[in-house]
Amino acid sequence: MNEPVITARGLTKRYGEAVVVDALDFDIVKGETFGLLGPNGAGKTTTILMMLGLTDVSAGSAIVAGYDPVRQPLEVKRRVGYLPDLVGFYDHMTAVENLTYTARLMGFARNVREARIADALARVRLSDVANKVVRTFSRGMRQRLGLAELIMKHAEIAILDEPTSGLDPQSTHEFLDMIGELKREGVTVLITSHLLDQVQRLCDRVALFHGGRILVMGTVPELARQVLGAGFVVDVEAAAAPGKELPARLGAIAGVRTVQQTGDVTYRLTADHDVRAEAARAVVAADGALMRLSVDNPSLDAIYTRFFEKQTATDGEIRNAA
Amino acid sequence: MRREGSPWQGLGTVLLKELADHLDSARMMLLALLMVLAAAVPFYSAVEQLRTTTSEDPFLLLKLFNPGRTLSVMQILGFVIPVMAIGLGFDAVNGEHNRRTLSRILAQPIYRDALLAGKFLAGIIVLAVNLTCLWLLVVGFGVYFLGVPPSGDEFARSVVFLVTAIAYAGVWLGLAMLFSVLFRSPATAALLALGVWLFMTLLWPQIAPFIAQQIAPPDIRYLLLGALDPQTYAWELALSRFSPDLLFQEAARTILTPTTQSLGPILDQIRQLRGEVVGAALPLRESLAIAWPQAVGLIAGAIVLFVATYVVFQRQEVRA
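Residue numbers (numbering that gives the first Met the number 0), protein chains in the order written: chain L, 0 to 321; chain X, 0 to 319.
By construction, these hints were calculated from the structure, which means they are not laboratory data. Predicted, not measured: the structure shown is a model, and the values here were computed from it. The beta carbon of each residue, even a glycine, is placed where N, CA and C say it ideally should be. Just to be clear, a hint being listed does not mean it is correct.
As the list claims (entries may be wrong) - Chain L side only, calculated, beta carbon under 7 Å to chain X, not exhaustive:
hint, residue
1, T44
2, L73
3, K76
4, Y81
5, P83
6, V86
7, G87
8, Y100
9, T101
10, R103
11, L104
As the list claims (entries may be wrong) - Rough simulated footprint, nothing fancy, chain L against chain X, three-plus residues with beta-carbon under 8 Å:
hint, stretch
12, 5-13
13, 102-111
Unchecked claim - Restraint ranges, calculated between C-beta atoms of paired labels, are given here:
hint, chain 1, residue 1, chain 2, residue 2, range
14, X, G4, L, G179, 29 to 35 Å
15, L, G179, X, Q313, 37 to 43 Å
16, X, N97, L, E173, 25 to 31 Å
17, L, K131, X, T52, 56 to 62 Å
All chains should be modelled from the sequences, with the hints used to inform the complete structure.
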């Protein structure tokens, strides 16, 4: 399962003097779900378009599904499904007609086409409206129809550009479940987003993208260690007996990096492992009353916020937004 | 660096889809109706006029298209064809952009070539079908009302006229599609295309002589005689032939009026001054030879505009 299906080496896009994508290097292995995160205008969509051969590559190279998108774009596009940001369909045609057009462009025979379209629409729960014109569809339904297109193509790689932007929470939830299904079927998924909790839920690995460059890349816990300096955040709510210095005792626990007082009786610890047991012991040893003890898994949100703070300021103190 | 795979892959699919879209659309219906209604009036007056001269005229069928004195079907087509062609093409590419379908369609295994060529061919086919229908109506009703079957030569000439009209339609379709690639807003594209058409049809015939006089000032001797300086006139003709409208009118007139022996108003005027009534009718082959440069000009214009559209579209960014 470790063969890369998407490889970028020095992938660069320039518009005149402006460098939009700057010498990207990354590999995405088969079956992996990879998240590309970054603020708007970071070059995410341009990177995707280069991988599909829809925009010229200024320098470097990419191999997608075993083909070079610059020279063999048809082979790449046959194997890759692309769901653009705010996908559009022909409003005067029905869901089935829209997918039939795509299927014809793919060159599927009629019997294959009909079966696959019916199956894909069922998968995204649009069978009821299969013969309604797309004009009547909501944003969420259009997005699901876009996903049906990828399913119908039997895409090996699904590239989803901001797939949940503009969806209500219910639709977002359903949509993410559908992406999860694709992933379970072994489809390699590349997803760009700035909605971090979603990406965290789905992705095996993420890359933080800024100014056309991948700044850090890895699993969420790895990023947490790299960016936050610690992977775990433990909240302690405890009233210590008078005269016993609780922060100092908490700070003395092995593995704790920082202790921050967040309220009268609340403290936040950052640590490189789960230190709840030690923290409880420390409170008890200080004759304190332990009221609450909780651990947060490292949140991508915190990593992201922290990371882009770091990009601008270089203050040394580690704070946590978790 | 060569790309692999056929540029025509998916062309048929795009063509069929675009054809179906055109034929289903209310816009198409309106344009076809406009064309038939606009042609009905001159057709009717031509029939009325010809009924009185049926026995004397050897080219009845051609007179139906171009009776000479009054407003003719041919002249009406000179106006209606650009409107139809622009109406079909002005939102070809920017419409896809605005519906956000372009990046989705281009992510399928086709090249942009197929999308653009498919759209252009679909437009030409629809225009050709419409013009052929109109042609059949004119020929059919003409034979019915006048009761005289056309000769083989007349029939051949009217078919050549039909082909010329389709080439003329191609020029305006090419222009409309070029603007649909250049401008993101369909309204801008439509207005500019119509603007170019009006300029070429109404203003250019006034401007061209003026420019010609600047380039080659007429010799005083010709002016004193009240005649045109041939050099100035050559420039004027060359410049005014940049207008597709003039090319179409010239080619159509040559084909539909077998007595046309040369193009340009001078000789016609001279003949009229001399009181010459009709020259001998030329055989079809010679009429074709006279109209050939004009017809080729129209086809070349359509191709040049399509190529320009193609080049701009290939370099355009897909993202919205």
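Verification of the hints:
no.	hint	in the structure
1	T44	6 Å, holds
2	L73	4 Å, holds
3	K76	5 Å, holds
4	Y81	4 Å, holds
5	P83	4 Å, holds
6	V86	6 Å, holds
7	G87	3 Å, holds
8	Y100	6 Å, holds
9	T101	6 Å, holds
10	R103	4 Å, holds
11	L104	4 Å, holds
12	5-13	holds (count 4)
13	102-111	holds (count 9)
14	G4/X with G179/L: 29 to 35 Å	34 Å, holds
15	G179/L with Q313/X: 37 to 43 Å	38 Å, holds
16	N97/X with E173/L: 25 to 31 Å	28 Å, holds
17	K131/L with T52/X: 56 to 62 Å	60 Å, holds
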